[in-house]
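One letter stands for each residue in the lines below.
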Amino acid sequence: MKSFMTFRESLSLAVAKEMEADPSVFVFGLDVPDHKRIFGSTKGLVEKFGLERCFGTPLSEDAMTGVALGAALSGLRPIHVHIRVDFMMLAMNQIVNMISNLRYMSGGKLTIPLVIRAVIGRGWGQSAQHSKSLQSFFAHIPGLKVVMPTTPQDAYSLLRTSIRDDNPVIFLEHRWLYDVEGEVDERKTIPLGNATVRRQGDAVTVVATSWMNVEALKAAEVLERRGIQLEVVDVRSITPLDEETIIQSVKKTRRCIVADYDWAFCGFSAELASLIHHRCFNDLKKPVERLGFAPVPCPTTRPLENLFYPSAVHIIRIVEQMLGLEKTDLSGESFYSYEHNFKGPF
Amino acid sequence: MQKDILSKEESLALYRKLILTRLAEEKIREEYFKDEMKTPVHLGIGGEAIPVGVCHCLPPRSKTFGTYRNHSLYLAMTEDTDGFFGELYGKVNGPGKGKAGSMHLSFPERDFIATSAVVGTTIPVAVGAALANAYRKSNDVVTVFFGDGAVEEGVFWESLNFACLKNLRVLFVCEDNGLAIHTPAKERQGFQSILETVKTFDCYVGGGQGHDLQGVIQSTHQVVKQMEDQPKPGFLHFTYYRFLEHVGPREDFDAGYRSRPTPDNLDGLDPVLCFERDLCQNGCKPSELSAIKKSVEEKIAKSVLTAQKTDFPSSEELYTDLFV
Ligand SMILES: Cc1ncc(C[n+]2csc(CCOP(=O)(O)OP(=O)(O)O)c2C)c(N)n1
Ligand SMILES: [Mg+2]
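Order-wise, the sequence lines are chains A and B. With the numbering used here, you'll find the first sequence wraps up at 689, consecutive numbering, no jumps. With the numbering used here, you'll find the second sequence wraps up at 344, consecutive numbering, no jumps.
Excised from the complex, chain B in its bound form (with noise of 0.2 Å):
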């Protein structure tokens, strides 16, 4: 069977992934207000199918980084709700003890290993992974996410060089909103397109709608395959829409810098949306996805739960973990 044709089950069980990560998203929205969790959100509403596509056809063993707008990564990698949440409450129970909050979310044990909020730092990191891969003559490929204003960064050019000289099996992902904070990519690019230039680079290219998850999973699947076939880098671009603000909860479209979409054009593209009129159109039953979106919904409420009432991390903590 080709690796790109979903199964029924395969997709529903996408479908709770992207269900998860926006309901968690919502989540935040709703609880935000309350100042409970203090930390800074850059909420990945619009892009969700890109993390849960791409993570879906990552072999095993992939070691994975991204950025500070990495809850659907982190939670398309591990479905962790609890530490998520425990995270973002600065609880104990976060995968970083409170110590890192939403914008450096990991998971070492899950291949989940690094965020970070200078944007494009991850970037070489992975790369640097990739080598050891290769050092070690793993055939295993590393992923890394970032945005399109990471692209401007000379960091990107030079790991981008450095993985292709050496055929490294690093996958770049480029999670492009056409924004960095407030300004489109116009204001800031000098040159046409990032696919066209990546292009002249030696590695496989793919990309398309980020709000595809069909489409992401496709294209993804093409170019991990042509990576395990013949090691060579492998960069995906996806576009999307980032539905709020930068960081925090709202939405901000009388900010002035661009225009509210007719509700019809938001609607095309919401992945959610779109995935669950591709699931209706296959066969599945509006009452399978409603069972799904609710038992997804009991599981975050939990989580959230849990985290407020866990306990903050006691003043020791302070300075454990500096070193080994």
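Looking at chain A on its own, in the form it has when it is part of the complex (with noise of 0.2 Å):
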């Protein structure tokens, strides 16, 4: 069955869908059953459910990780769900410590289907307490999957297979993406570890993750007009990572940037740009480049903060060099802003 849905219904069904077929699985976390229902990403579900399936909970992240933890190796598959992925923070020591060792330290005997759902990125004046993503930081724990998708379809069909997945997932949502709106089929079911070419071309590819896919998209409209086209592929999960469609799509243009939605400095993008480096060195007209958050904690004020996100701007300008092209007059061009359709405050 296909319908056009949010990118946040596509995750409250998804769950649904998961609930209905397993009775095992529930949902939990700070303020998920309250009226705002997590920007709206788990409603109808205390509904569907009943709070004993879908509930809030004090608090108190680490020792919720914890219960989690506790629950998904007796048998349960919890989802617990953090409206920052700053908050998870609290909770490093579970995560860390336990949810990603328990299983290699029990020799294998262990299972650990657990999955944390985390908003993550941009959102209004929300400073530095509340803007990461961190999917670098995570991807570096082993014993972790990371998860970023960017359409309602993708968030749809990977928080499922997330979900069934025996392993724990860090899935991350960016807040931006949650109004977008796409197509999505019930059925389809899309692996972890599984990149897709949202758009072919052949100049230079756009590795993105998250919401670079809305901002690379646009730069490759841009440059369209000047006969440029960009192939932008997005990696839908950081662990495990698809490196054959990345490395076959490099081998094709021979350029590469890496955009990510974090900090760049020991990050995903450090990571591709050395692999890419490796396996495509004598395809390779230029080095890879990377783009990501200005290396400083996230201002509030409305200049600064435009200038720590990266953005299509940032993506034209660096295949500009690369291909040592005029600076396109980007004057009359209109680029995505959130200042039209969110006003605060969260």
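In short, the hints are calculated from the structure, not lab data. Treat the numbers as computed from the prediction; the structure is a model and nothing was measured. Treat the hints with care, as some may be off.
What the hints assert, rightly or not - Derived, one-sided and incomplete: chain B residues facing chain A with beta-carbon distance under 7 Å:
hint, residue
1, G110
2, G169
3, G174
As the list claims (entries may be wrong) - Capping the alpha-carbon separation at 30 Å, the derived lysine-lysine pairs in DSSO-like fashion look like this:
hint, chain 1, residue 1, chain 2, residue 2
4, B, K219, A, K379
5, B, K206, A, K391
6, A, K531, A, K386
The beta carbon of each residue, even a glycine, is placed where N, CA and C say it ideally should be.
Fit the two chains together into the complex; they arrive one by one in their own frames, and the hints show the way.
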């Protein structure tokens, strides 16, 4: 069955489907059942499944993460939700010392089917403590899978796959993607570790994570008018990583920008640059370029916040440099701005 | 003279602060819809008497920490409306040059050290500042404000334990509005009473109704005095009614998670109305109060205008202030 829906609706639909299919699936976290329903992404669940399978918690991220782990290794399939990835930092002990390790340390005897959902990225003047992504942080740890959907279909299918996965999965959802609409085929399954080519091109490959796919497609649209075709690859999951799709694309275009939605230093973009240099050394016409957050905490004030986050404009400028082109006149161009659709405060 | 009996002069100075915090936030409510203050605001309307009263009792040089719901505390500590509105408008004249915004206001030069929008985070930091005082044999007190939700974080109990163990002069102030965002305490807390539970720790405790400024001052004085006489932590628990939504300028009684109190009830819970009534009963003239109000209104209007006219930080500012 296919229908048109927003990213937020696709998330609650995915969870509802899995809760229907499997009574051991439950969803919990701070403010999960309140009337705002985590920006609408847990809508309808408490009505359908009751407070036993959809419940709120005290402000106790560390303990609740341990509780999720305990439930998971006892045969339940918890989905723990954080309205901001920044609050997950309180739970890093459980995530990094326990969840990621227990299967290994038990010699493969313990199984941890656990999903931790968290909202990432730019909101509206959110400043340094409500604005991070941290996929590189999580992906650094062996034993965690890290998933970053961009479209409603991917959010739906990848969340279902993540819930069915017998391993811990960190599922990162960009705040601005919540309003994105798209067609969702309820029967479509997508495995983890499966990147997708969002747009075909021959000039430069842009490997993008999460929101950066939206920016990359916008950059491609602008550059197309100059006859330059970008290829956009959405990695969809950081771990497991679909190296082949990325490498194939870079071997074709022979130029690559990694547009990551995170800090660049010691980050996923560095990992990919290393991988690509290694596997495509003789194919590359230019060194791999990387794009990410400015290397500072996220500032509140709008002019600096605009400079902090990477955008289509950055991608366009890097492509021009790589290809030795004159700068495109962007004065008449309208770029994505949340000002028009989103008026805070959260 | 007993410290908790207020002279008329003191009372009017307190009124000025109380009305300053209220009118500053009412001004935000008025201006917010123009979409120039691009920062999420957690307004403290209903709770102003707690920071105003507690700060009144703090000895000089008391380092203070708070949360994202920090407007009244900022203004009670500093009365700096220029910096306050500058920061909310994201302008260079804000104490954080616009980098902080509403949720991270601070003014370290005036002992308002830091606030945080991750719940509970400044509690151990205040304990650390109190440790530094003890280390240097200073008798100064450190104060930290936090909500009822913060008490659910393990770090609160860990910090309280350590502070009690080390007899540190740190004053914990719990501003209890019975809500964490939209969730009432009974859906979050598996114990009867915060105050009774904290009483089992080795510290001085006090508290009461946070809308009663004089009551806040009385219990704060008592606890601070004990802390000064013999070093130990203090814990103050004040209840108050949150008039507005968790974050943002509006009421939210139609959201369904709580009902609108009757006007009588609301008036009784309003710290400004309560203090005005007390003042008038003690011989202050309404004209004296309205004169104060008027001058505060002018001060706020001027600061808003200044903020609107001041520049945003330049692009280079993105990279400044990261390291010394
Ligand atoms: C560690 C952490 N978890 C969750 C949140 C999201 N959050 C922001 S405010 C809040 C409620 C806090 O309630 P309380 O401590 O009572 O303070 P109040 O807002 O009522 O002043 C929550 C859950 C957060 N900011 N930090
Ligand atoms: Mg509260």
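Hints, one by one, checked against the model:
Checking B:G110 against chain A: minimum C-beta separation of about 3 Å stays under 7 Å; hint holds. For B:G169, the interface hint holds, since its Cβ comes within 7 Å of a Cβ in chain A; the closest pair sits about 5 Å apart. A distance limit of 7 Å between C-beta atoms decides the matter here; for B:G174 the minimum to chain A is near 6 Å, and the interface restraint holds. Taken as a hint, the B:K219 and A:K379 pair is broken in the structure, with Cα atoms around 36 Å apart against an allowance of 30 Å.
Taking the CA atoms of B:K206 and A:K391, the gap is about 23 Å. The hint holds against a cut of 30 Å. For the given pair, A:K531 sits about 22 Å from A:K386 by alpha-carbon distance, which is consistent with the 30 Å threshold.
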